[in-house]
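Just so you know, the protein sequences line up as chains A and B, in that order.
All letters in the first sequence, in the order written, are residues 6 to 463 by this note's numbering.
All letters in the second sequence, in the order written, are residues 6 to 463 by this note's numbering.
Possibly wrong hints are sitting among the right ones.
If chains are identical, the list can't say which one is meant, so a pair holds when it fits in one copy or spans any two.
[As the list claims (entries may be wrong)] Using 27 Å as the maximum straight-line C-alpha spacing, the simulated DSSO-like pairs for lysine-lysine come out as follows:
1. 276 - 194
2. 276 - 445
3. 376 - 203
4. 194 - 119
For the record, the hints were derived by calculation from the structure and aren't laboratory data.
2 protein chains.
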Amino acid sequence: MQRKSVMDLDCANLFEDAIGPGHGLRPAEVDMLSERIEEYTADIRKRRGEDIGFMELPYDTRLADEIESKGRELAGWCKNFVVLGIGGSALGNITIQNALSPSFGGRPAGSGGKTRIIVLDNIDPALMRDFVEFVGPDLPETAFNVITKSGSTAETMSQFLHVRDLLRRTDGCSPEQQMILTTDPDPAKSLLRRLGEKDGYCMFPIPANVGGRFSVLSAVGLLSAAVGGVDVRELMEGAAAMESRCCSDVMYDNPAALYACALFKHYENGKPITVMMPYSHRLGALALWYCQLWAESLGKRNGLEKKDIFTGPTPIASVGVTDQHSVMQLYQDGPFDKVITFVEVDRCGEEGVPICGSAGVEPQLQYLSGKSFNDLFQAELVATRCALRDKHRPNCTLRLPEVSARTLGELFMFFQYAVTYSGYLYGVDAFDQPGVELGKQYTYGLMGREGCNPPRLS
Amino acid sequence: MQRKSVMDLDCANLFEDAIGPGHGLRPAEVDMLSERIEEYTADIRKRRGEDIGFMELPYDTRLADEIESKGRELAGWCKNFVVLGIGGSALGNITIQNALSPSFGGRPAGSGGKTRIIVLDNIDPALMRDFVEFVGPDLPETAFNVITKSGSTAETMSQFLHVRDLLRRTDGCSPEQQMILTTDPDPAKSLLRRLGEKDGYCMFPIPANVGGRFSVLSAVGLLSAAVGGVDVRELMEGAAAMESRCCSDVMYDNPAALYACALFKHYENGKPITVMMPYSHRLGALALWYCQLWAESLGKRNGLEKKDIFTGPTPIASVGVTDQHSVMQLYQDGPFDKVITFVEVDRCGEEGVPICGSAGVEPQLQYLSGKSFNDLFQAELVATRCALRDKHRPNCTLRLPEVSARTLGELFMFFQYAVTYSGYLYGVDAFDQPGVELGKQYTYGLMGREGCNPPRLS
């Protein structure tokens with residue numbers, strides 16, 4: 006039997022009752038979108054499994070079997086597991102590792118895993134040099150997961166060529182044994198798939214109807230997770246539990262739809278900036294994953310009728326409590342142009358970390374006496390949320406009982422659905438990214454690729 | 006003799022000649038601010054060394070001597086050097102380490118340093134637990150630099166109490182020997198200073214006229230740099246070289262003033278979002294340091310006449326080429342509300358990193374043949390800049406010959422001056438941060454500190 010979703014969405018501080026008229030939404034503004042949500046869910050039902058596939062991913066138990074089996078094998082011999090990928094082929098992997106592995110290079114308790122997961126999502130020559138030097142002595146014990154849906158991404162393919170050559174030239178190494186290719190299953194579409202078939206590489210598919218930024222719950226995100234000791238079934242179960250809430254056509258039963266509608270109304274009301282601020286050091290990277298999902302899905306020139314609309318909210322990543330001492334001054338006192346989403350982790354269930362040595366301290370620090378870091382961390386979240394409310398700044402909170410594979414799965418699915426509904430509301434195609442094409446053509450032109458024009462250099 | 010500044014500011018793509026009328030600035034718009042720059046520089050001259058001190062820091066050779074000496078001593082016995090600090094007491098340290106230490110935990114070549122630098126800028130209980138577990142066995146070989154100007158920051162002081170207790174309770178450890186306190190020199194102002202004097206800790210000052218976000222070139226940023234093997238004199242010389250350019254009252258000779266004026270005009274023209282996008286993996290953290298500097302200095306409720314103005318641009322951190330596969334879609338095709346600042350590193354001087362194995366590859370990848378990662382990285386920067394230009398998106402470029410202590414010093418000083426001029430232009434006090442006070446009071450209230458009211462919980 007499927008378990009229940011445990012995430013809670015608290016929208017109170019988005020409304021005028023909490024933050025005042027002119028700043029908060031009137032309930033009627035959101036109510037009036039509920040009929041549109043009915044339309045959208047009907048359309049999504051039609052497209053599901055056709056041109057949109059992300060919501061099917063958590064139910065692919067055959068993939069989970071294969072991933073777990075391959076993950077076990079790799080964890081058995083790999084000192085390093087290196088993802089060669091960028092954008093949607095990197096951010097999900099980074100998010101999972103940051104969320105579920107202890108900081109400072111430790112491994113999940115009880116997993117027995119000792120594999121270090123590295124995501125190489127840049128081609129800065131200094132980084133590539135450092136990487137080759139770092140991995141050098143351990144190269145025979147290092148596996149590489151090359152991830153590119155198109156099978157032709159310039160950054161990833163140049164890394165692929167470089168590492169393949171390195172493995173070929175190093176005694177005791179073999180690219181066919183040490184590289185796993187994750188790409189489009191159709192050889193006509195992916196050069197990497199063709200290369201892989203020719204030379205007999207281990208390969209995983211990215212379904213045709215799953216784009217890069219929606220692929221974290223496919224082999225793209227799951228393999229490095231499994232190698233790192235993450236329970237991928239928990240991740241998928243969490244996602245499935247959330248999935249069943251987010252396909253509801255009743256807006257108030259559907260947290261993704263409600264969230265999308267409320268933030269869209271705030272955008273229409275003059276708040277184009279949306280801040281993602283998890284109060285959890287481990288969820289810091291989730292905010293970067295979210296930024297890609299939001300920016301690339303909704304930042305569009307053309308509306309669905311191909312007219313110029315140049316639309317889309319601007320996402321920003323923050324992290325609590327750290328950024329209270331950085332950008333929070335602006336969020337609280339600057340222009341009224343932002344909506345903040347907190348991710349709150351209920352730490353009541355876990356053993357607290359007491360602030361040792363706080364007994365009998367100076368009067369000025371007496372308030373810390375007998376308290377835990379949990380108390381202080383939670384007090385700062387509540388204080389910040391209330392201060393924002395009292396300064397008429399809209400904010401909402403996603404509440405989780407813990408940071409775990411299960412709740413992370415819920416978050417991934419929640420945001421993917423929310424951006425899908427947002428695409429309809431903004432009137433854009435949430436699943437393409439035509440805007441970066443010109444830059445790609447210019448790059449090819451500068452690199453001398455046949456048939457591609459370089460830009461005019463002024 | 007003082008060496009010359011080597012940073013170059015390229016503003017061409019901010020103007021209508023490059024990006025089109027209605028999108029770019031008319032030169033006259035900027036020209037008309039040149040008289041105001043004369044006023045501002047005159048005022049800064051008066052305030053220099055009085056209530057504003059950051060520009061004096063690079064000339065403090067006595068401090069450099071002390072830092073170098075202490076840094077050598079610490080590098081001699083420390084396995085870990087841990088900064089306990091948050092916001093302005095953390096971001097400069099992180100920026101310096103990321104920029105000047107090899108990735109993947111390596112150390113600067115030739116420095117001989119083996120000390121690992123850790124900046125603990127959050128109090129998430131999960132992070133604190135991981136940290137104590139990680140550092141445990143090496144505790145006797147770990148030094149802690151507690152950094153808080155006020156000497157009462159809740160996060161840092163709770164960490165201080167916790168670690169001091171840990172050291173007291175561990176055989177072979179001693180807080181007085183292993184903790185260095187960096188705080189206000191006035192014991193009447195800083196509790197941490199008083200505690201340090203009582204127990205005889207090693208201490209460094211943060212000058213009264215240097216606020217947290219302007220303190221990277223004081224002991225705040227320099228000590229961890231020195232321990233990590235960074236040449237702090239180079240850092241200071243770079244900053245001094247830039248300082249001598251940025252105090253000029255001739256706007257077109259003064260890159261910080263010109264940059265501030267051009268971006269301010271774009272803000273007035275409806276572009277409230279300013280993106281910092283270094284094309285350098287190592288300068289990724291610089292963008293976070295910049296975000297604090299910009300947001301906390303300019304995001305203000307009150308203008309200089311104490312009237313409500315709720316102003317300030319919203320800074321965003323990006324990194325090239327990585328974010329071309331993330332937020333770039335929005336930057337190129339979304340609303341016309343952003344100005345992008347690139348940081349470009351001229352890699353001509355350095356030995357390239359060839360894309361090995363690119364000879365004789367498939368026709369589709371032929372354009373990579375015989376090329377280096379340097380070629381591809383540079384082509385992507387140029388292509389992205391030109392694509393933005395051709396899509397009428399304002400952008401400018403800070404060009405450096407290399408990433409080094411010297412050029413990093415230039416960047417720090419450039420941005421600190423630029424935000425100072427921006428403060429005048431926006432009509433705000435760039436050196437306070439009153440907006441976060443309410444949240445602090447609410448935190449104290451929730452923690453039961455005497456005389457502090459908790460927020461209303463709804």
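Now the hints, each set against the structure:
no. : hint      : result
1   : 276 - 194 : neither (40 Å within a copy, 40 Å between copies)
2   : 276 - 445 : between (31 Å within a copy, 26 Å between copies)
3   : 376 - 203 : between (62 Å within a copy, 25 Å between copies)
4   : 194 - 119 : neither (36 Å within a copy, 48 Å between copies)
Checked against the numbered hints given earlier, the structure breaks hints 1 and 4 and satisfies all the rest.
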